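With chain W held as given, fit chain L onto it using these hints.
Chains as they are written, first to last, in my numbering: chain W, 734 to 1055; chain L, 734 to 1055.
What you were told as hints is all true, and nothing was included just to trick you.
Same chains, same label: a pair holds when it works inside one copy or across any pair of copies.
Mimicking SDA-like on lysine to any residue, the simulated pairs with C-alpha atoms at most 20 Å apart in a straight line are:
#: 1; residue 1: Lys894; residue 2: Arg990
#: 2; residue 1: Lys894; residue 2: Arg1029
#: 3; residue 1: Lys894; residue 2: Gly858
To be clear, the hints were calculated from the coordinates, so they are not data collected in a lab. These numbers were taken from a predicted model, which means no experiment stands behind them.
Protein chains: 2
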Amino acid sequence: MLDETWQRLVQGACDAEPRALARLISRVESREAGWQQAMQALYPHTGRARILGITGSPGAGKSSLADRLAAGFVARGHRVGIIAVDPSSPFSGGALLGDRLRMRDAATSAAVFIRSMATRGSLGGLAQGTRDVARVLDAAGYDLVLIETVGVGQDEIEIVKAADVVMVVCVPGQGDGVQALKAGIMEIADLFVVNKADRDGADRVEADIRGMLALSGDDPDGLERVFQTSAVSGAGVDALIDALSTRAARVPLSADRALERSREEVLVLMEREIARRVRVRLEGDGRLEEAVRNIRCGRSDPYSAAESLLADLASFEGGAHE
Amino acid sequence: MLDETWQRLVQGACDAEPRALARLISRVESREAGWQQAMQALYPHTGRARILGITGSPGAGKSSLADRLAAGFVARGHRVGIIAVDPSSPFSGGALLGDRLRMRDAATSAAVFIRSMATRGSLGGLAQGTRDVARVLDAAGYDLVLIETVGVGQDEIEIVKAADVVMVVCVPGQGDGVQALKAGIMEIADLFVVNKADRDGADRVEADIRGMLALSGDDPDGLERVFQTSAVSGAGVDALIDALSTRAARVPLSADRALERSREEVLVLMEREIARRVRVRLEGDGRLEEAVRNIRCGRSDPYSAAESLLADLASFEGGAHE
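Chain W extracted, bound-state conformation (with noise of 0.2 Å):
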């Protein structure tokens, strides 16, 4: 069932030998063949580990403050994977990552592993591709993983949505303060961090936020839900942390969440592997570069093609394997 190469590496990677576990998230993330058995393999080392989702837009600390955290989770115990999902440019690619694993202290580096997501042409869907990354993770003895990502789009929400517990980052004097949380975030966020509170108009932020958590008229818990940190001198970051750990020893969800998580993603699973498979079988098919061409000269249109070269697929077999 699985090759040889795959057996050796989800071993090493459950025995959270390093360079195992980055060369089996590398292949997992590109979908190489024979991913989903190794995920099948390693599946039942899995649910540990606790999801921490960490959002807020583009320059609101959201990297020190993970690893802040990462410090202060380790420091108590703790083995943490941090995920990064930062769509990198021809400008900032992967120098981020760099410059942290060089300020990370040697002691706390044993215990945390690091891991940026490729964002553009994410084959299994970016956040699939982060669920199994953060699965492997768990597999290999990273009890808590902190999902970091970038920006507040529709992917990313989907991205935070499958954590266990949701942080929103925001920042003084960004806009109108509140306004980045519009996003479809604040009916997600578990907590809300108001970073660099050593600037101007930290209260003010915190009070909005506060305000807007009244209006929701939604506290279920009862539990506090808004802090301020500076990730630059580390103040209030005990104080979440040991929010966050209250919080995720709340967990596991409740049973219909969960049943309808797990429906979610056999769903977006399966829908992938279709996805691939019309591609796969498409390629160099003269019947989409015709129609291609007829689009184009305005012989027909993108709808049409579409449906007349799914009426061409006529039957999809089923079957593993392609």
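For chain L alone, coordinates are given in the frame of chain W:
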């Protein structure tokens, strides 16, 4: 083929009848049965509009700037559609749009159509949905369509990539100024706008952008690429409109890029339709529910479940109707 309601709506939209236009967009956006045929009927009426993508981080003033641009283009004789891709939260839902409609003066509003995209659970994919709505506006005679996206997520990048001209809005004092530009945006942006230019630091942001552009060594056309504006006072907006007009006139795309874009669109339409059919097929199918229960109690995993359900689908019939 196309039922009477759809026919009436398509006709009404092509006549720029606002109510028909709004209803048609809603039905296309929610993928009501027959939407593909409606788009097929509309398609021959499209192709005149230029698409302008506006992106940038939250709080950069994109909406105000889009309003200014719309007013300016209307004054120059254009009809302008605005598509606001703004994931709404329970706290902001639609308020923005209402405000904008109230603010707009009557003379302008006759030539402007504003539409907010629902981003949650967008069945056809957010990027494709936005493309479809832009086409409907095109068919209705809006010869300039501004697509405004909040944030810098992956979906947002996909959306603006479909535009003919892409503009990134920055603002002084937001994080590191250029940090908001990291997210894969630099390479797809044609123009950079430093908005709120009356604030301290605007010149520094402009210098940072010029520095990055110089580094990229990529100046294919020699046109000015960096602008300062104040959406509040209107300063700089006319020069920006000039620049946008110049660039829009340089469209259309190279033949290769146009072919690639059509190819990708056809594949995405096919994938989405197959995904929809898979979901319809599996809805209420006991096998999916059983697989999900097995995952929850540890007898299976999502990867195995997806694999075996896919094998069960055995043959996937094509054909447009189901």
